[in-house]
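Asker: Sequence:
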Amino acid sequence: MYLNIQKNICSDSLPLKGAIIGFGGVAEYAHAPLLKRDPRFFITAVVEPNEIRRERAKKIFGEIKLYEDLDSLFKNEDLDFIDICTPPAYHIDAIMKACEYKVNVLCEKPLVTSLKDLRKVIEEHKRAGIVIFCVNNWRYAPIWTKTIELVNMGCIGKVQEISLSVLRTPNSGGGVTDWRKKKDIAGGGILMDHGWHNMYIVNSIVRKQPICVSAKMKYINSQQLELLEDEVELTIDYGNTKANIFLTWRAGYRKNFGFICGDKGKIFINDDHIIFRNNGSAIRYNFGLPLSKGSHHLDWMIPVLNNFFDEVTGRKARGENIKEAAKCLYLISLAYESHKNGYSSVKACNMLDE
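All letters in the sequence shown, in the order written, are residues 1 to 354 by this note's numbering.
In case anyone wonders, no lab produced these hints; they're calculated from the structure.
A virtual CB, placed ideally from N, CA and C, is assigned to each residue, including glycine.
Be a bit skeptical, because a hint or two may be false.
Unchecked claim - Using 30 Å as the maximum straight-line C-alpha spacing, the simulated BS3-like pairs for lysine-lysine come out as follows:
1) 146 <-> 255
2) 327 <-> 97
3) 293 <-> 216
4) 182 <-> 323
5) 266 <-> 242
6) 116 <-> 102
7) 218 <-> 208
8) 242 <-> 323
9) 293 <-> 218
10) 65 <-> 75
11) 102 <-> 327
12) 323 <-> 158
13) 242 <-> 293
14) 36 <-> 316
15) 17 <-> 36
16) 266 <-> 293
17) 75 <-> 116
18) 116 <-> 182
To be verified - For each label pair, taking beta carbons as the anchor points, the in silico distance ranges come out as:
19) 288 <-> 253: 13 to 21 Å
20) 315 <-> 184: 35 to 43 Å
21) 63 <-> 40: 13 to 21 Å
22) 283 <-> 68: 50 to 58 Å
23) 68 <-> 182: 14 to 22 Å
24) 178 <-> 63: 28 to 36 Å
25) 184 <-> 212: 26 to 34 Å
All chains, full assembly: derive it from the sequences and hints.
Answerer: This is the structure:
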């Protein structure tokens, strides 16, 4: 079970006092604008080792405390939550420190990058009685909200096949230090990056325990970076449903597309619109900016903050988000294992319901 019991923060304690850990592009463009204007949250401090980025945080938030390390933050600040926006390798230390001080956690994906760290997070957050909440924001993209709604309404019947493709150029993301191409910092390549989003999207559609996973990967052509995958073909077998995911950092352009096929209809996903086909008719739904347009989507982040706030304050039962994050990492880990074992299918155990 992932639910835990904590003394909930009551409305008299609002706004929730928080600190942002890591002030790169994601923090500046996807988190700070909302946290700054939302009366439920009050950012009192930022932890950032880079002096230029600390000054940027100060310019945005004004009178806040600036720290270079986590120890100084926790020794000097009385916090309700931290918002982790560092590269993935640094998530685990920040989460463990938050558990030690019994401070709630909002964290960018991936939550952590190994099953060993995941087990530590689950164990320690239960002991501390805090909320650990991963920013799985793509599920709130209007195109996915509508697609999942159509599936849940039974418009295409029983889902039989899912196919999702994510095309990105070789220079995608990574911030000032280009950390996405450094395995020791990123924790993995495109599977850990874009694969994470696709795992929880697929799980939102299928809602069944996977049976097995198989994957084949290609790697960045560099001796130093030989273990960092930049292209992935992945299949998740749910029994009567199969999900095929293709991810690449080798494309000449950016695009998200795919389809969901049921026994009564089909939904085509094409970046900025979907087409729903059923009984010989077709309906097109348009959604403005395409999924592939950029990384910072404020409108997708609003529901994330709402749900995080509701878990922290006891307005919503806890546990679903961290369970979702655990499933993402588990499936990703199985995919790495499959590739390592010659692309063979790897059985998925029911470990996540323990």
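Asker: Look at each hint and say if it fits the structure.
Answerer: Structure-based check of each hint:
Between residue 146 and residue 255 the alpha-carbon distance is near 19 Å, which keeps this suggested pair within the 30 Å criterion. About 23 Å separates the Cα atoms of residue 327 and residue 97, which keeps this hinted pair within 30 Å; it holds. For the hint pairing residue 293 with residue 216, the CA-to-CA distance comes to about 27 Å; that is within 30 Å, so the pair holds. For a cut-off of 30 Å, the pair hint linking residue 182 to residue 323 stands: about 27 Å separates their Cα positions.
Taking the CA atoms of residue 266 and residue 242, the gap is near 14 Å; set against the 30 Å cutoff, the hint holds. For the hint pairing residue 116 with residue 102, the CA-to-CA distance comes to about 21 Å; that is within 30 Å, so the pair holds. At roughly 29 Å between alpha-carbon atoms, residue 218 and residue 208 fall within 30 Å of each other, so this suggested pair holds. Between residue 242 and residue 323 the CA atoms are separated by roughly 21 Å; this keeps the pair inside 30 Å, and the hint holds.
Annotation: proposed proximity of residue 293 to residue 218 holds, straight-line Cα distance about 25 Å (limit 30 Å). Between residue 65 and residue 75, the direct Cα distance comes to roughly 13 Å. Compliance with the 30 Å bound is thereby established for this hinted pair. Only pairs whose Cα atoms come within 30 Å are accepted, and residue 102 paired with residue 327 is accepted, the gap being roughly 24 Å. For the given pair, residue 323 sits about 24 Å from residue 158 by alpha-carbon distance, which is consistent with the 30 Å threshold.
Proposed proximity of residue 242 and residue 293 is supported: the alpha carbons are some 28 Å apart, at most 30 Å. Of the pairs offered as hints, the one joining residue 36 and residue 316 holds, with about 23 Å between alpha carbons and a cut-off of 30 Å not exceeded. Taking the CA atoms of residue 17 and residue 36, the gap is about 12 Å. The hint holds against a cut of 30 Å. Taken as a hint, the residue 266 and residue 293 pair is honoured in the structure, with Cα atoms around 25 Å apart against an allowance of 30 Å.
A threshold of 30 Å between alpha carbons decides the hint, and for residue 75 with residue 116 the separation of about 27 Å falls inside it, so the pair holds. A threshold of 30 Å between alpha carbons decides the hint, and for residue 116 with residue 182 the separation of about 20 Å falls inside it, so the pair holds. In this structure the supplied range 13 to 21 Å holds for residue 288 paired with residue 253, their Cβ-Cβ distance being about 19 Å. Distance hint check: the CB atoms of residue 315 and residue 184 are about 39 Å apart, consistent with the given range 35 to 43 Å.
Checked against the hint of 13 to 21 Å, the C-beta distance between residue 63 and residue 40 comes to roughly 20 Å, which is consistent with it. Judged by the Cβ atoms, the range 50 to 58 Å given for residue 283 and residue 68 holds: they are separated by roughly 54 Å. Take residue 68 and residue 182: their Cβ atoms lie about 21 Å apart, and the range 14 to 22 Å holds. Against the hinted window of 28 to 36 Å, the Cβ-Cβ separation of residue 178 and residue 63 comes to about 33 Å, which satisfies the hint.
Roughly 29 Å separates the CB atoms of residue 184 and residue 212, a value that falls within the hinted 26 to 34 Å.
Of the numbered hints listed earlier, not one is contradicted by the structure.
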